[in-house]
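These protein sequence lines are chains C and X, in that order. In this text, residue positions in the first sequence follow numbering that gives the first Met the number 0: the first is 0, and each later residue adds one. In this text, residue positions in the second sequence follow numbering that gives the first Met the number 0: the first is 0, and each later residue adds one.
Hints were generated in silico from the structure; no laboratory data involved. Any given hint might turn out to be false.
Unchecked claim - Coverage of chain C stretches by chain X, computed from C-beta distances (three or more under 8 Å per stretch; other residues unrestricted): (1) 32-40; (2) 175-183; (3) 284-298.
What the hints assert, rightly or not - In silico DMTMM-like pairs for lysine to aspartate or glutamate, Cα to Cα no more than 25 Å straight-line: (4) X:K557 x C:D55; (5) C:K336 x X:D474; (6) X:K625 x C:D55; (7) X:K606 x C:D55; (8) C:K298 x X:D474; (9) C:K289 x X:E540; (10) C:K349 x X:E612; (11) C:K78 x X:E509; (12) X:K615 x C:E347; (13) X:K625 x C:E347; (14) X:K606 x C:E283; (15) C:K204 x X:E612; (16) C:K204 x X:E567; (17) C:K204 x X:D474; (18) X:K615 x C:E63.
Owing to the predicted nature of the structure, the values given are computational and were not obtained by experimental measurement. Backbone N, C-alpha and C define an ideal beta-carbon position, used for all residues, glycine too.
Here is what each chain is made of, one letter per residue.
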Amino acid sequence: MVESTEMEISVNRQQLLRELTATQGVVERKTTIPILSNFLLEAQDGRLTITATDLDQSIRTSCEAKVKKAGACTVPARKLYDYIKLLPEGEINIKLMENHWVQIRMGRSNTKMVGMARANFPQVPQFPEASAIRLSSASLRAMINKTIFAIANEESRYTLNGALLTLKDGGMILVATDGHRLAHIEKTGETLNVSGEKKVLIPRKALSELQSLLSASDAEFLDFADDEQTLYFRIGGCLLTSRKLTGQFPNYEAVLPRDNNKFVIVRTEELMGCIQRVAQFADERSGAIKMRFEQNELKISSSSTDAGESEDTIETPYSNDPLVVGFNSVYMVDFLKAVSHASEVRLEFKDAQSAGQMRPEDTSDDFKYRYILMPMRI
Amino acid sequence: MGRIRILSDQVANQIAAGEVVERPASVVKELLENALDAGANRIRVDVEAGGRKLIRIEDDGCGMLRDDALLAFERHATSKIRSSDDLLSLATLGFRGEALPSIASVARVHLTTRSAEEPVGMELEIAGGKILRTADVAMPPGATFVIRDLFFNTPARRKFLKSEQTELSHIAALVTHYALAHPEKHFELHSTANALLQAPPVQKISERVYQVFGSEVLEQLVPIAAETSFAHAGIPEPPPWKREPDWQPQAPGALRLHGFVSRPEMQKLNRNSIYFFVNRRLIRDRLMQHAITEAYRNILPPTSFPVVLLFLEMPPEEVDVNVHPAKTEVRFRQQSFIHDFVRDSVRNVMVKARPAASFLTALTSNPVMTPALVPDVSPMPGPPEKDGMPPEARWRDSDVIPTRADAEYFSPAASVPPPQQEQAMSFVAQPIEAEDAANAASALDADATNADTENASGATLHSLDSLRALGQLRDSFILAVNAEGLWIVDQHVAHERVLFEKILRERQVEQVQRQRLLMPVLIDLKPEQMPLFAAIAEELERNGFEAEPFGPRTLAVKAAPVGLEGRELERMVQEVLEQTEREEQAANLETLRARIAASIACHAAIKINTPLEATKMEWLLAELAKTEHPTSCPHGRPIALRYSLKDIQRAFQRI
């Protein structure tokens with residue numbers, strides 16, 4: 000690419016700010032490579048394209064602009080964002096000067112920012128139109144919201160450091176686990192342009208970026224594609240790319256419980272309240288609570304040597320053998336938050352050692368959501 | 000004629016000298032002990048050429064009668080015991096009656112002595128065991144030994160002597176020990192023209208430590224005082240049918256411990272700075288060293304050693320010093336009782352004192368940099384020895400003390416408290432009277448309280464709970480302030496310490512919380528690690544692991560203690576196995592337990608380079624304040640360092 004020596008545009012402040020906000024999550028904060036803390040601005044054919052990358056991910060978005068002179072420049076991302084936020088509404092003039100300086104003018108405000116050579120900005124992969132698959136934005140967004148919290152926080156075990164997306168004609172599945180719990184959601188009734196089954200591992204960071212892009216956008220569909228190294232998500236005029244996670248996602252189907260024959264159905268809100276109260280007196284580190292299933296009763300209790308002990312009782316039909324099982328209350332709360340739209344949840348168990356399964360009780364929609372949680376021994 | 004002959008006394012003495020007189024320092028030791036046994040209050044040692052040329056020891060003790068002086072050079076002649084029964088209850092440092100004849104057989108000895116009971120003193124010259132000359136002499140009561148040309152008639156031994164500097168440092172170390180053990184006495188050590196040690200009598204051991212090692216060392220020490228009765232030890236009594244008719248149950252004596260132990264940030268590379276005195280006799284005992292190591296376990300790194308000055312006092316019949324001619328080894332009747340007492344006392348004092356490291360001290364207290372706590376003996380120019388010490392560790396007080404010493408030079412006994420004098424004079428064994436014991440105990444208490452108040456102004460970690468976190472340095476160190484100054488807390492080791500104690504506590508009551516894993520974590524082992532795993536499987540299980548062999552070289556972990564996840568879990572299991580592998584003999588259960596707990600804590604703790612919210616920092620500091628040893632992590636690294644307000648003010652030249 001030829002180093003552009005000039006560029007001059009005028010852009011609406013509100014539009015520019017919206018696009019800058021969308022890209023903030025990808026800009027490298029720790030400036031190990033200085034160019035990565037810059038935006039790439041490209042002006043052509045009446046549009047301004049803004050690109051940010053941290054080498055693992057990139058985001059490319061655009062807005063309308065009056066292009067007086069086509070060209071490109073780079074600007075420090077954080078500074079530009081903070082400055083634009085402080086400007087009043089109106090048209091902003093952006094002009095490339097000598098030595099990669101960039102002038103930003105609006106009314107009587109006049110600023111020159113120190114940029115860097117456009118040639119230093121890394122190449123960002125282009126969307127492969129051929130393999131694009133069209134997905135429902137609303138479905139994917141709901142699926143991410145219900146699984147992302149179960150992704151392992153730990154950086155080192157990277158196969159668990161993302162969620163597995165399975166696409167097939169008729170539906171999609173998103174699974175996330177951290178080795179203690181597993182969130183599994185399946186959406187049926189989707190017509191997807193895939194032959195057979197397509198499985199991709201999406202890193203946590205890309206997933207959360209996607210989550211915020213989806214909630215900021217009103218587009219009905221997004222385009223998804225992948226090649227050997229990269230995942231692509233195109234939402235409206237915005238393209239998010241992410242390096243693929245390599246490695247094998249664990250064989251989660253083997254751990255989905257099949258014979259959990261003891262169950263209770265409780266009101267989500269009530270269970271949430273009980274757990275949050277009782278967890279105040281749980282061990283600070285483990286957050287361990289005990290769930291005791293007795294005749295038509297679910298008792299939730301905790302105790303810690305430092306804080307004391309606490310117990311709550313929920314009345315609910317239960318006629319199986321009594322059962323006591325311990326869980327990390329944080330994991331329970333995560334699940335209950337994710338299903339707060341459902342009025343009732345169903346808790347299914349086998350014994351105190353085996354995985355418990357939890358799911359929302361109303362199955363009216365096309366989502367099949369389940370949450371598998373391993374017990375604690377307390 | 001038969002081939003076997005009785006050796007002459009001269010030869011026998013020389014052979015005995017091989018055991019007793021190994022090097023010039025041995026001579027100094029024997030004569031110093033004699034002086035102390037004689038109740039001297041003022042002892043001056045002069046050496047030349049590292050003691051090879053001349054050793055002169057002058058004391059103001061009780062001296063010897065004329066006839067005794069001659070007899071003293073016979074073998075096994077002593078005033079300190081009379082029968083073998085006395086061996087069971089020795090109260091003097093010497094007793095074997097070997098020292099003088101041994102020394103006399105390998106050196107030229109010149110003795111002048113006068114007993115207070117006699118009008119004139121006598122002078123005696125011996126060389127190679129033969130008396131050359133005796134004469135009357137005028138002198139104050141006491142005794143002066145001059146030993147010249149040590150090993151003049153045993154060339155083999157002479158060849159084995161080390162350099163003058165080495166021999167001198169041995170002597171200096173030795174005199175230092177005795178000076179520490181007897182703060183109420185005046186000690187001086189001179190080498191040719193240099194005064195290496197001048198310690199006028201003082202009341203408290205802490206003052207003597209100051210005289211000998213200087214204020215910087217004293218600041219790093221925490222006083223310790225503890226007492227227990229031997230009644231707790233369960234002294235074995237003869238069964239009723241074997242008892243003599245007039246048998247009386249023996250009064251259990253008291254076991255007392257006092258002295259100083261170092262703060263964790265003071266670390267030495269060897270055990271040379273562990274001074275252990277039993278009834279004021281310096282010993283090197285494996286049992287005691289083990290007790291100290293145990294007490295500092297999980298406070299100091301495994302290859303570092305503390306500075307310890309401990310004085311153990313017990314009834315003489317509880318300890319047998321007649322183990323080795325050099326008397327540096329002893330046997331205790333109640334070995335494990337004493338071991339545990341020492342270990343627990345030191346541990347307790349570390350818990351109570353919660354010493355806080357000053358930042359600047361921690362910077363300089365790298366164990367690689369600091370030598371053993373032995374006074375340097377080379378004030379003269381020249382390159383230091385190989386194992387020598389940096390100049391700053393050199394004799395600090397030599398330029399300060401003399402003025403004080405001069406002032407008191409001619410009134411030596413004035414400041415000596417009389418009771419101790421009596422005690423020291425008692426040649427025959429006597430059980431410690433209850434009254435004496437009480438006096439001594441209260442004296443100890445007083446000593447300890449004084450030291451406490453002195454230390455209160457010093458740095459402790461008691462104020463940890465008043466800390467207010469300001470923020471993080473590089474996402475790794477918490478900066479916090481309180482009225483005492485600025486603190487820097489290493490977030491990883493702080494959390495590690497919190498977890499370590501919690502894990503041990505939970506393990507104690509078998510309340511380990513474990514999280515079962517959705518999918519077993521598979522860990523590949525080396526073939527030889529499998530049996531190791533089998534050996535520690537049970538303890539791992541009780542710490543919250545559910546693991547079982549999964550094929551010949553793989554371990555499947557099905558449940559893990561709370562807080563250990565993923566890769567950390569794998570690393571932790573590997574680490575414990577590797578440590579077990581390295582340990583040659585089977586470790587005892589407690590060590591294993593601590594090691595597992597330390598490993599879990601380390602891997603479950605907050606890492607460095609982790610941003611923490613303000614509430615999390617406050618929580619961590621509060622939890623740290625609640626721990627027993629907030630000083631150092633289970634692997635011995637310091638947790639919190641302090642810039643005292645005073646240091647800061649001084650640095651900004653405000654005071």
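task = Kindly indicate which numbered hints from before are broken by the structure, ordering the numbers from low to high.
result = 1, 4, 5, 6, 8, 10, 11, 12, 13, 18
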